[in-house]
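Peer 1: Residue numbers (numbering that gives the first Met the number 0), protein chains in the order written: chain A, 0 to 467; chain B, 0 to 404.
Source of the hints: derived by calculation from the structure; they are not laboratory data.
Check before you lean on any hint, since a few could be wrong.
[To be verified] Subject to a maximum C-alpha distance of 27 Å in a straight line, what follows is the list of computed BS3-like cross-link-like pairs (lysine-lysine):
(1) A:Lys370 - B:Lys105
(2) A:Lys316 - B:Lys384
(3) B:Lys50 - A:Lys370
(4) B:Lys352 - B:Lys384
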Amino acid sequence: MIESCVPRLCFEQGTLTLCGVEKRLVDRLWHQSPWVFDSRVGCWRTDAMHYQAVAAVLHQRLASDWIDAVADWKPIVFPRQNLHSLRTDQSEALSAWLRTRRGVVVMPTGTGKTEVALHAIQQVSTSVLVVSPVRDLMYQWHDRILSATGVDAGIIGDGVYRVSPVSVTTYDSASIHMPRLGNQFEFLIFDECHHLPGQMRRDAARMSAAPFRLGLTATPERRDGEHQVLDEIIGPRLYTQGIKSARGKTLADYDVIRISVHLTPEERTRYEALGKTVREFIAKQREDTPNYDWQALCSDSGHNPSARAAMIAFHSKRSIEDRAGEKLRIIEDLFRLHTGEPVIIFCGSNAMARDISLRFLIPCLLSHCRKRERQDILAGLQEGRYPALVANRVLDEGIDLPEVNVAIVVGGGSGTRQALQRLGRVLRKNRYGRACFYEIVTANTRDELRSRARRRDEAFQKIKHEEC
Amino acid sequence: MLTKEQSIAEFDFQRQIVIPDRLVRRTHGHYLAVVEDLLRIYQDHVGEVRKNLHDRVRRRLQDVLDCPTRRIAAFCKLLDDSSEFENTQSADAARLRKRVFSQAAKSHPLVQTSDQLFDRDEAKIKAEIAHDLGMTWTMIEASLFADVIEFHRLRQAPQDLDATKLLARYNVAQTQAALYPALSMTVWASDDFKIVLRYAKLARLMHSISRNGEEYVFQFNGPASVLRQTRRYGVSFAKFLPGLLSARHWRMHATVLGPAKRRFALRLTSRDGLQSEIHSQDFDSSLEEAFFKDWQQLQTNNESNGWNIAREGTVLFRHQTVFMPDFLLSHPQHGEVLLEIVGFWTPEYLREKANRLRQFRDSARIVLAISETANQELHELDFLKVTFKTHLRAKQILALLRSEL
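Go ahead and model the full structure; you've got the sequences and the hints to work with.
Peer 2: Printed below as a string of structure tokens:
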């Protein structure tokens, strides 16, 4: 048959297939073969991300005696070029990447990673897919690409599936759709790429044949140690700018002010009562099972109504901490203190965000907001049409926030990375000079313990020293 | 389908099996009355917001001894899925928000304790805004976030759904959810191969096929499964399940990645009583159905010369292409002959059919029964064949078999 005469490399649902090649040839061409023989289709298969390497070997050893049916991408001519010129550190990052066109650039939030990427897009001039953690960021990339290149990028995600040679998407959508999209983009950009190593998400990189890859992040390390995967699926770390060298140059100086609120007597009574329910239940269990723990409680809640009651009590406790009425009063005071200055409030829950929004009638940026409303809220804060906004985790990373110099974090348990990311954004250098970072926690509750844990981190330590 | 957070499955480390949550009359008879109450909650509270409906469901299930939180959440999801909610145009709520927040911006910050500097009292400003909009503040508060999913209002309670059916749905949904972390699936089938393969294909699964006597063994997974163990096709297995449940005579074994990255087996057979709401059509067309009945008639009258008929009894396959001729004719001396009926189809379909026939030309003895119009289109097909105008008679085929074998 004809197909067995000429080796043929194809893209199939996020993988590469190599047909018409016998085992002998595979062994001869590759010392460490990425190929696995797939008897279901009668040819060799490997991950699409090996395309560049595999094609190079075939080209070198077989010259033009093979068919490359993978690439479905084309060069792009951008209608216009409207880019800011890069600072030295940004130029260094860009040229480090351009040498191999494959790897990770580490720069703190607020130091213009996006600019570096936009320059890379212009220079490489090919079909490109930008992958970001959340849809807000996806839309933000859409806007930035439009103003920098004049291209109305396609959108894949948020219920939209509009693929075009320049497109933006989210990690979740990318990992779902990459089997269909993997050969349409020659260039992939992973924004906040520390999100990529998740088991399912890494398919977004693995199932694409794109030879050119750029990862952007402020915090490449992951607690699970999986960040090493980035080397393989994006490329090595090419440029690192630490938060320390960035501080004071581009970011504003800042104070961290921590405010403890107390529960109202009614809240405290309820809080204690709920705590008692949990404690008594656990104490009772420990009479029989000395090492009865939270996990045991979770599994017992399936068949034991009092275990379930204890669990509900625990969650209600958390909810009281989160939504303590006193927090609203503190926010009122902070609003008075900073009248005329834009304020951003971050919340730990949607419910608290809506409480604040309803109390002060300020816009809240939650996941239900559509693109147009988000833009109105963000622009409104910048133009002074809105005095403040309240946001949940939606804004956790990388969103281009208007310049503010007052940020309030209300309760909400979160890890080091989230707090760092928040800091980065809030503390942009701005025309108001020194910035204020408030943290409101509920006194004598777990809320406070979580805040202490957060403060042990390096970035916070540094602030404390400077305050002294 | 349920989310991961609503799924319940027991991982038995001893036997290395996973048992999806299942409510059956023998052990969970009391759920019938409970679920009837849940349906009534939805029927009695059309117009209420989703959050309140869920609260009511939760309260009803709170004191049921053996009802974990996840089961409650799963019931909410299944009830929601079979109901209709008012989808307040997010534009409407967004417009209202914009008006309210813009108007309030002038009076920022709204304070509860006014002083000389700040006298914009919260209650007063809210009353003013309500007055300007011609609504009460309570109305504004109720519609300000009406586009948030939890605040969607129930428009129509589940229709044609009784407690038994909802429990059946629950059981299927839990088994589907248990398949999300599945790595691969093997199905042993002795009937309805076409149904099994069709739904597997619809779920975008890849197959390996082998024959074991009367039984076929189908192994399903996805393209990347040969490269590494991956849960990426778990959702495909879950989507495939209702189709599989609509077939007869099979058993299934799925390998599921469980806690501590250990592998567990999920086993199921067509006799386990999980009910599909898919009802696969018995025949592709009435033409085939009429022919089958005609032949059976001859067979009962002992006029079929020793030939027996079976529907879709053979699977021909080469890699990912499969071909299941409509009928398998078998004879004690003459062996097996496959019969494919080519009826009235579009030219594209006919060309595709011709390709497939050519591909499997040498894999078996194939006889074609082809309509005259289709025969004009595919006259170059080199097969033993009979043509027919509108109806195919069993005797035509028997005559062909007699003269050619």
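Peer 1: Look at each hint and say if it fits the structure.
Peer 2: Hints versus structure:
1. For the hint linking A:Lys370 to B:Lys105, the alpha-carbon distance of about 25 Å falls within 27 Å, and the restraint holds.
2. Using a Cα cut-off of 27 Å, the hinted pair A:Lys316 and B:Lys384 is violated, with the two alpha carbons roughly 78 Å apart.
3. At most 27 Å may separate the alpha-carbon atoms for a hinted pair to count; B:Lys50 and A:Lys370 meet this at roughly 25 Å.
4. Distance check on the hinted pair: B:Lys352 and B:Lys384 sit about 15 Å apart at the alpha-carbon level, within 27 Å; holds.
Checked against the numbered hints above, the structure violates only hint 2.
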